[in-house]
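So you can see what is in the structure, the chains are spelled out below.
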Amino acid sequence: MALVEIRDVRKSFGANEVLKGVSLDINEGEIVTIIGRSGSGKSTLLRCINALEQVDGGEIRVEGKAVRTDMQDLRQLRQRVGIVFQAFNLFPHLTVEKNITLAPVLTGKSNKQEARQLAIDVLERVGLAEKIDAYPEQLSGGQQQRVAIARCLAMAPHLMLFDEVTSALDPELVGEVLKVMEDMARQGMTMVLVTHEMGFARDVASKIVFMHEGRVWEQGTPSELFANPQTPELKSFISSIK
Amino acid sequence: MRIFTTSDLFSLFAALQWTIVLVTLAIALGAPLALALALMRISKIAPLRWIAAAYLQLVQGIPLLGLLMFFYFGVPVFLGIQVPAIVAVGIAFAAYSSAFLGEIWRGGIQAVKQAQWEAASSLGITRWQQFRYVIAPQALRIALPATIGFLVQLIKGTSLASVVGFVELARAGQLASAATFQPLLVYSVVAAIYFAMCFPLTIWSRSLEARLNGAR
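Just so you know, the protein sequences line up as chains A and B, in that order.
Under our numbering, the letters of the first sequence match residues 1 to 242, in that order.
Under our numbering, the letters of the second sequence match residues 1001 to 1216, in that order.
Keep in mind that the hints were calculated from the coordinates and are not lab data.
Computed from a prediction, not measured in an experiment: that's the story for all the values here.
For every residue, glycine included, the Cβ atom is placed at its ideal position computed from N, Cα and C.
Take these hints with a grain of salt, some might be off.
Said to hold, decoys possible - Restraint ranges, calculated between C-beta atoms of paired labels, are given here: (1) B:Gln1057 to A:Glu124: 33 to 43 angstroms; (2) B:Trp1128 to A:Glu63: 52 to 62 angstroms; (3) A:Met71 to B:Ala1014: 50 to 60 angstroms; (4) B:Leu1212 to A:Gln187: 36 to 46 angstroms; (5) A:Gly175 to B:Ala1210: 46 to 56 angstroms; (6) B:Ala1053 to A:Asp70: 53 to 63 angstroms.
As the list claims (entries may be wrong) - Under 8 angstroms between C-beta atoms, here's a sample of chain B residues computed to sit facing chain A: (7) Ala1115; (8) Gly1124; (9) Trp1128; (10) Glu1209.
Starting from the given sequences, assemble the full structure and let the hints guide the process.
Listed below in structure tokens is the structure:
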């Protein structure tokens, strides 16, 4: 059984149908990279997995359990599925430590005594232990994004979603974030990414999904897809980003 | 006829206590209601939004004087029960405060980026926890200057309680003025006392505004 099973998912915003029947499996330990032009529905699909968007048709199952909108189910789902956003979305009024420990303490995953150690542990994984008492505004964009990743890791998720996490960064800061993600991939975290970083997709991803006009147009390993695209849409996409 | 003496001054300060009691009542009763109204206004449940909106329209559309008259003269007539002046006046001010604070706080809550709700909810905490730990602290910073500004309005507004005979600072001023025939002097003193309460708050509100705009 796949960790995430997406079956014929449909989603519209008003009259605009963004997802037109998407099916996709994500297996444990896989690094799935979703690529495609803007407007192809890739971010929407990602956000459907942890129910930030609700599907209009079809079904998504995470660890065998259907994603529903019931409040309690939703909380349990989101404690297992972390998401990192393009705009970091750290809590500006809290220190790095509190940003990280807020949810683990409130959900009972950690108690107050262990919380600081938990923050130190996850910050070490993103290489920012020395910033534990800083406020988000005192950090660079790359550092903020690494804290956002650490905040996710503190919940010990089974799956992590990355929604264009390097798109808002200055070019020189992209590398430090990608490196953290590579480390996580190597440690066996199941990851789904929407990204424009084709180098990362090529080198780290175990599966590439090309979305076009609200559908999964092609999928396969990076070498298959980049070396031998089957459809004219993917060919033109690959040549446009080179 | 007699002259304005320190005993008149003492009676003004004694009445000032009642002004402070009114302000305290208005905030103590009005603030929890204001919070509830603000939350109802942003609720996902439509009937809650309607009820809150109707209440706000009603209370904001009635002059404070009208509210005082209603609770002081109207309620005993309609319900046939005599309520002590402090209760009637206290409820009127609480209703007034809840409506205006409720809207100020709703504005503060809605000024916090939607992405903050999203980030908090995606961590698997409850909606109340999202509000309590992530949204409310940021909303409070945004709404604090306006909240203090309202407090200044409220302090001055309590003078209206004098029209229903409630002896607070302004009413005490009327009494002292009538007894001494020195309205200019008495009302100057009364005005000075109001000013002494409101001015520091205004300064505080300004400095907060400057500081909060500067940060982040």
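Legend entry - Supplied distance hint 53 to 63 angstroms, evaluated on CB atoms of alanine 1053 of chain B and aspartate 70 of chain A: violated, 28 angstroms
Legend entry - Beta-carbon spacing of glutamine 1057 of chain B to glutamate 124 of chain A - inside the hinted bounds 33 to 43 angstroms or not: Given range 33 to 43 angstroms: violated, Cβ gap about 55 angstroms.
Inset, instruction - Evaluate the given range 46 to 56 angstroms for the C-beta pair formed by glycine 175 of chain A and alanine 1210 of chain B. - result: violated, 39 angstroms
Legend entry - Interface hint status, glycine 1124 of chain B versus chain A (Cβ within 8 angstroms): holds, 4 angstroms
Legend entry - Hint check: 8 angstroms Cβ-Cβ cutoff, alanine 1115 of chain B to chain A: holds, 5 angstroms
Inset, instruction - With a cut-off of 8 angstroms on the beta carbons, see whether glutamate 1209 of chain B makes it to chain A. - result: violated, 17 angstroms
Inset, instruction - Using the Cβ atoms, figure out if leucine 1212 of chain B sits within 36 to 46 angstroms of glutamine 187 of chain A. - result: holds, 41 angstroms
Inset, instruction - Would you check whether tryptophan 1128 of chain B satisfies its interface hint, that is, whether its CB is within less than 8 angstroms of any CB in chain A? - result: violated, 10 angstroms
Legend entry - Range agreement (Cβ of glutamate 63 of chain A with Cβ of tryptophan 1128 of chain B, hint 52 to 62 angstroms): violated, 27 angstroms
Legend entry - Pairwise beta carbon distance, methionine 71 of chain A to alanine 1014 of chain B, judged against the given window 50 to 60 angstroms: Given a distance of about 54 angstroms, which is inside 50 to 60 angstroms, the answer is holds.
Of the numbered hints stated above, those contradicted by the structure are hints 1, 2, 5, 6, 9, 10, listed in ascending order.
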